[in-house]
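Undergrad: Below are the chains, spelled out letter by letter.
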Amino acid sequence: MFYIHDIACISPQKTFSEIDIEHLNCPVGGKLPAIEPAYEGIPLNILRRMGKAVRMGVGAALTIAKQNAQGIIIGTANGGMEDCIRFLNQVIDYNEGVLTPTNFVQSTANAIASQIGLLTSNRGYNCTHVHRGLAFENAVLDTAMLLSENPSHRYLLGGIDEISAYNYNIEFLDGWFKKEKVAGKSLYQANTKGTIAGEGSVMLLAGKHANGASAQLMAIRMLHADDEQYIAGELKGFMAEHVSDAGDIDLFLSGENGDARLQKYYDACEAVLYKNVPVAHFKHASGEYATVTAFALWLACQAFQKQSLPQHFLKYRRAKKDFRKILIYNNYHGMQHSFMLIAKV
Amino acid sequence: MSRIFVTGLGIISAVGHNVEANRHSLVNKKPGIGKATFLSTKYAAALPFGEVDISTPSLKEKLNAFEKGTTRTSLLALHALDEAIKDSKLTDEELHSPRTALVGADTVGGMCLTDELHHDANKHEQGSEYLASYDCGSATLYLRDRYQIGGIVNTINTACSSSANAIMYGARLIHHGLAERAIVGGCDSLAKFTINGFNALHILADEACRPFDENRKGLNLGEGAAFLVLEKEGLVTNDHIYAELSGYGNSNDAFHASSLSDNGEGPLLAMKEALMAAKLPAGEIDYINAHGTGTENNDEAESRAMIRLFGQVPLFSSTKAYTGHTLGAAGAIEAAYSILSLYHGEVYPGANFSKPMAATGLLPVTVYLKKELRHVMSNSFGFGGNCSSLIFSRA
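In order, the protein sequences belong to chains A and B. Take the first sequence: its position 195, counting from 1, is numbered 195 in the numbering used here, and each next residue is one higher. Take the second sequence: its position 118, counting from 1, is numbered 118 in the numbering used here, and each next residue is one higher.
None of these hints come from the bench; they were simulated from the model. Keep in mind that this is a model prediction, so the values were computed, not measured. Warning: the hint list may mix true and false statements.
Unchecked claim - Simulated crosslink set (DSS-like; lysine-lysine; CA at most 30 Å straight-line):
#1 A:K179 - B:K123
#2 A:K179 - A:K208
#3 B:K272 - B:K355
#4 B:K68 - A:K193
#5 A:K325 - A:K315
#6 A:K31 - B:K123
#7 B:K232 - A:K208
#8 B:K232 - B:K29
#9 A:K31 - B:K68
Kindly generate the complete structure, drawing on both the sequences and the hints.
TA: This is the structure in structure tokens:
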């Protein structure tokens with residue numbers, strides 16, 4: 001589909017400038033907040049007005065957007081949720097009084113893509129996908145289509161979502177976060193419903209040429225369904241279409257998140273793979289959010305580059321030769337599923 | 001590359017609950033801007049709106065849509081989608097096929113329930129029934145569930161150009177062989193959130209909006225939904241083809257978070273790209289359904305962009321004087337109007353216009369015209385500089 005030329009990640013772990021994912025930051029109060037770097041290249045008067053999602057998106061983008069992308073494609077389920085509710089609170093608290101528009105303008109989901117366009121004077125294709133747990137996947141597909149239309153172009157592709165106190169409350173009330181405290185890998189042993197909240201921003205430069213690329217996105221598939229056997233069947237089909245030998249997968253990156261209600265999907269997909277395929281999970285490090293597969297993609301690129309992963313990511317400690325092909329499976333709230341196949345270049 | 005045909009339409013707006021009623025209002029120059037009846041806001045008396053004249057409970061009744069957590073935004077979407085599916089005579093088998101995509105768009109989502117959202121977001125107690133209904137994806141996911149649509153599903157939010165981009169994305173899925181049919185469109189409902197947001201930006205008019213008029217005072221917010229059924233050439237067995245989607249363009253103005261550059265660079269690039277995709281010289285465009293919000297900034301920037309591109313600007317008008325600015329639905333509603341224009345060979349008059357802008361002197365069409373049209377352009381520009389342009393041609 002396309003090659004990944006450069007990738008940047010702001011997450012709850014040390015993933016941005018000096019990368020150290022051996023040491024694990026643990027959640028506080030059920031949340032894994034992203035570590036924000038000192039942002040360079042964003043004028044202070046503009047930075048001050050940005051909400052966290054916009055800051056993280058623009059901050060990660062600016063490190064790689066210097067390389068002249070022909071367009072910007074962003075996946076974000078909620079965009080600037082914090083700004084959104086802050087503005088909403090003003091509407092209610094001041095009974096629709098005189099308000100300043102800053103939070104309103106920052107709250108629209110397309111604020112991230114448009115701010116990147118503005119700061120890099122990019123007048124190319126610009127689109128924001130907001131389809132909840134498949135927002136990033138649709139952005140990936142959009143990028144793949146663009147590159148097939150314009151093979152000489154490069155595009156900036158990103159996945160961003162933030163934890164806001166407000167959407168945490170809403171999703172907590174809806175049963176998606178754990179009531180009890182969990183830290184590190186105990187997340188996967190809890191056997192209760194819900195998970196921990198996370199946030200982050202991953203930006204990458206996508207192109208059609210292998211030269212200088214670190215990884216290749218081979219295939220993507222999105223599904224809406226709630227039957228785990230159907231999902232497993234679709235994974236079988238996906239593998240048959242894109243992998244010549246099922247034993248050829250070097251790592252299965254599972255999006256399992258400790259929510260007992262969703263484990264059946266991950267188990268069913270794991271069962272499709274050969275028994276000796278190593279399995280890793282990552283949500284104890286990233287937390288759960290709608291565009292978290294962008295983090296999984298970054299982690300896969302790390303595995304290719306380092307040819308190893310810290311032990312805490314591995315679910316089954318099986319010895320491994322080297323990483324050449326990685327399969328990511330994720331599902332969001334049990335209804336939205338995706339497979340992504342990535343290969344080392 | 002195979003051609004893409006429009007084989008079904010569905011619209012609900014302030015000027016009608018279906019395609020025929022909308023067309024009737026446009027032909028007879030009957031705008032739907034006025035006093036809001038169902039909307040709860042402090043500004044209900046002071047500002048005019050383009051409200052769909054049916055209450056949310058009546059919509060639920062009419063659509064037999066009593067699922068928990070269904071919002072007005074989702075109901076408007078369902079109303080238009082249902083009409084488009086019936087119009088195109090899609091079977092259940094076709095809807096469930098993995099080759100049928102659904103691409104929705106909206107900017108407000110379930111935030112029309114401002115008070116419920118305020119409660120759920122701020123308090124750790126019993127949540128409302130709408131906990132999973134606030135985000136933009138919720139409306140599309142509701143439609144997917146309801147019809148069990150089997151292919152790729154997506155939701156786009158590029159502010160006021162959202163549904164133009166949904167149409168474009170659906171068409172590209174077909175061109176790339178990822179779908180053979182795409183149901184595309186958008187929806188939004190009036191919300192305290194957007195009313196106060198636009199009001200804080202001082203761009204809401206306290207009178208019916210006057211697109212392209214020298215003395216325009218701003219926009220009126222509206223609500224509604226529209227969906228189009230796009231089908232790949234060769235697949236279409238019925239003779240019910242409205243038009244061909246022949247070109248589209250997307251560009252960013254990269255100028256300001258909430259206003260367009262003075263000379264309309266983004267709008268110009270989007271229109272140019274759409275012409276290139278359609279392989280048409282500018283002179284072939286017979287009519288433009290302009291973005292024309294009625295704000296000082298948009299109408300002048302759009303006018304300048306049209307002058308720069310066309311020199312002699314083709315017939316144009318803005319139907320926002322009828323529906324108000326329906327945000328996430330606007331691109332799809334206006335695409336549907338553009339298709340009706342082509343299909344029936346008629347140009348819909350702009351309303352509330354009296355004096356051309358001193359800066360450009362452009363005159364929009366103000367009377368209903370019967371005219372053979374070959375190519376019609378539909379413009380949509382949004383906050384964040386998100387500009388898109390679509391071209392529909394006679395099939």
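Undergrad: Out of the numbered hints, which ones does the structure contradict?
TA: 2, 8
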